[in-house]
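Asker: If you're matching them up, the sequences are chains C and Z in order. Under our numbering, think of the first position of the first sequence as 104, with each following residue one higher. Under our numbering, think of the first position of the second sequence as 82, with each following residue one higher.
Simulated from the structure, these hints should not be mistaken for lab results. What you are looking at is a predicted structure, and each value in this text was computed from that prediction instead of being measured. Accuracy of the hints is not assured; some may be wrong.
Here are some chain Z residues pointing at chain C (derived, C-beta under 7 Å) [claimed, not checked]: (1) Thr138; (2) Gly139; (3) Met189; (4) Ala191; (5) Ile534; (6) Pro600.
Backbone N, C-alpha and C fix where the C-beta goes; we use that ideal spot for every residue, glycine too.
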Amino acid sequence: MRTSGVFTFKGASLIALFLTSAISALGFLWPFLINEKQGHPQWIFLMATPFALLLLLISSSNNQLDSKSIALLAVLTALIAALRPMGTGAVGIEPMWFVLILSARVFGPSFGFLLGTLSMLLSAILTGGMGPWVAYQAFAAGWIGLGVALIPRSLRGKKEIFALVIYGILAAEFFGIAMDLQFWPWALGTDTQLSYLAGAPIAENLSRFFSYHFLSAMAWDIPRAIFTASLIAIAGKSILQTLRRAHTKAAFLTPIEFIEHVKVQKASN
Amino acid sequence: MITFSNVSLIYPQSTKTILEDLSFQIEEGEMVLVMGETGSGKSSLLRLINGLVPHHTGGILAGDISVDGISTRTVKPGSLAHLVGIVGQNPINGFVTDIVEEELAFSMEALNFAPDVMRKRVEEVLDLLSLSALRNRSIATLSGGEQQRLAIGAALVMHPKVLVLDEPTSALDPIAAEEVLSVLHRLVHDLSVTVIIAEHRLERVIQFVDRIIFIEGNGDTSIGTADEILKNSDLVPPIVKLARALNLSEIGTSVREVRRQTEDVRSKEYVRPSNTPTHTSTAIEISKVSHSYSGKTALNGVSASINHGEIVAIMGRNGAGKSTLLHSIVGLHSPQAGEIRVDGVDPTTLKGAERRKSIGYVPQEPSDLLFASTVSEECALADRSNDLTPGSTASLLNRLVPDISTHAHPNDLSEGQRLALVLSIVLSGNPEVLVLDEPTRGLDYRAKNLFAIALREYATQFNRPVLLATHDVELVAELADRVLFLAEGEIVADGTTLDVLLSSPAFAPQVAKVMSPKPWLTVSDVVHAIEGQS
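Take these sequences, add in the hints, and give me the full structure.
Answerer: Written out as structure tokens, the structure reads:
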């Protein structure tokens, strides 16, 4: 017997994670995949993504979350959600990402996914910015948490911080691309050089998108990447230490043994 | 109600058994005290009762524990929630809501009680713990005693049969502690709740409890009535020490009992000992200091001067302004009116190394000063910042607590060890003035003794002043030369320890209560007086 572990996706919830992630990935990428002039694909995906998120959260909260994971998740979600509004207004100053990345590093990618999605949802409530785009933001943040799995578990010390800094830059850029993708078909209307052109070839739309992204990246994504990376570089070591200590203290997956007599046990050893 | 049969516990990544072969039974409506040195496993024992150990911590549990017929092996702690109420060491850490009423209702909401039942139970508990005047108050504004009562109330709404409390009075002033203990007494006697309580301040609780479980340092445990256990124990309250020193036939646990047996000692006349030398040169000058927090007055025109070589205790109820006064002296803030001079200097102007050399400050939560990840790192850091030869802080620490593990994380140390660590770091700066805020919370008698010796040494050896805020009257009686008594931000008494403590019934130490009207505060005072006479 063991004490309960940190939340991980497994079995049915893992399948749910893949399916819902796939749906929401389509929600981001449809402008390049659907070459149709008719219909309203953007509306379909705008509906589908929030439902996918809802489905995923229901499936993972059914009985796999135990009290310790919930407590940790709640504290970290509150922290990250509170950090998010701190950056609104200032361009790209978003202190939430480095906490999310470091937490995901310590408590695992599955936990990181839940943490990312929940803190996006919560901060949307806090800032009053609730809308269909929240589901996209939540998925993107969740994937950033999940993506920490790319860094080898055994890395420690300077190498670990270095890897996390690189990951922080990539994550900041990824979030920028994802948000632009989500926003792009709606943003510019239909008549500019950079607008989404329904029915145009993929190459055409790709080039239009990247020109658009390049413009927005200068303002948002580059400052975000620099800010996140420097926070990881500066505070990463001590925050990792604190989180790892919490991880040890919480005694996840520690064996529990019930025996009759301690003396009997000693004799058998 | 609670049965432990042959219980031993080993924590994960440890080879040491915390409890060894412990067997006892606690009946319904009993009040049992768990005592032992810091780190002996008192808290583990309490957490075994509701299954938090080992279900949340891991480890090996031998033997069986059953509560009301349910074995903690088979059920998770959540399924015992209605049966066992637990109140942690620091109630403020356990609160989840902001308002008193909401806090009381919270645990019932979590277990999906019907609204009318919740409403009824909240009212019941408000009445039972005399909390009804506070029902709409914000929890943050409650005093320590009120918070502790609320924490007990929040556990009681579930109608538990067992109530477990970890050091419920250690942060409280004597009056608030009395309040909390009388509530517990009432629960035991009127509602037949079984109460298990861990506490270091034996002098406060001993008269209320039916039996004692004593966990000794070597893992042995004994259980019995107060008289049986205290007869052979090293950890005893002053009242028992007094009985031993006077060779009384029976050990009493209440002032009344011992007073009856010591009539002949009190009836004789004794020579008053000559007064201790007075200290004359002023070290700290406080003149007409006032301070308030958002309209609430914390200090109101406080004037006092503290001399070199003096140990001064600042006493008073929770919220009387003790910490604010200390903060002003240390220079954490400049008072809104009046001024403070420490050796002629305004403390708020001190910076860096100069500050470390002038004022040593141990805050209420000593771990606030610790930030390295091991004890040895902390010591090395102190050596470096004070230009000492490497190892001097560590050797100072070693003198205070010999068996401290240098690789441990500071937060994993026991309260006493952590205090010793902070004290040695602060003392390594060799400060001109030492200021301590509530330093003995969570310390057992042995650690407290060591601590008192260290402070005395510092004060006499270097002729420097020590200032400490505390609720611990027994410590004050042993240690302090002078007492400043604060109430509502004003000094209401300033005089020698003897005069101040004897004049206040609530703040008088046990020995003084027993020996009243004789002017003795501690066991050694009594012994000296008797020896001087014969």
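Asker: None of the hints should be skipped; say for each whether it holds.
Answerer: Now for the hints, and whether the structure bears them out:
no., hint, verdict
1, Thr138, "5 Å, holds"
2, Gly139, "3 Å, holds"
3, Met189, "17 Å, violated"
4, Ala191, "11 Å, violated"
5, Ile534, "33 Å, violated"
6, Pro600, "50 Å, violated"
The structure fails to meet hints 3, 4, 5, 6 from the earlier list, while all remaining hints are met.
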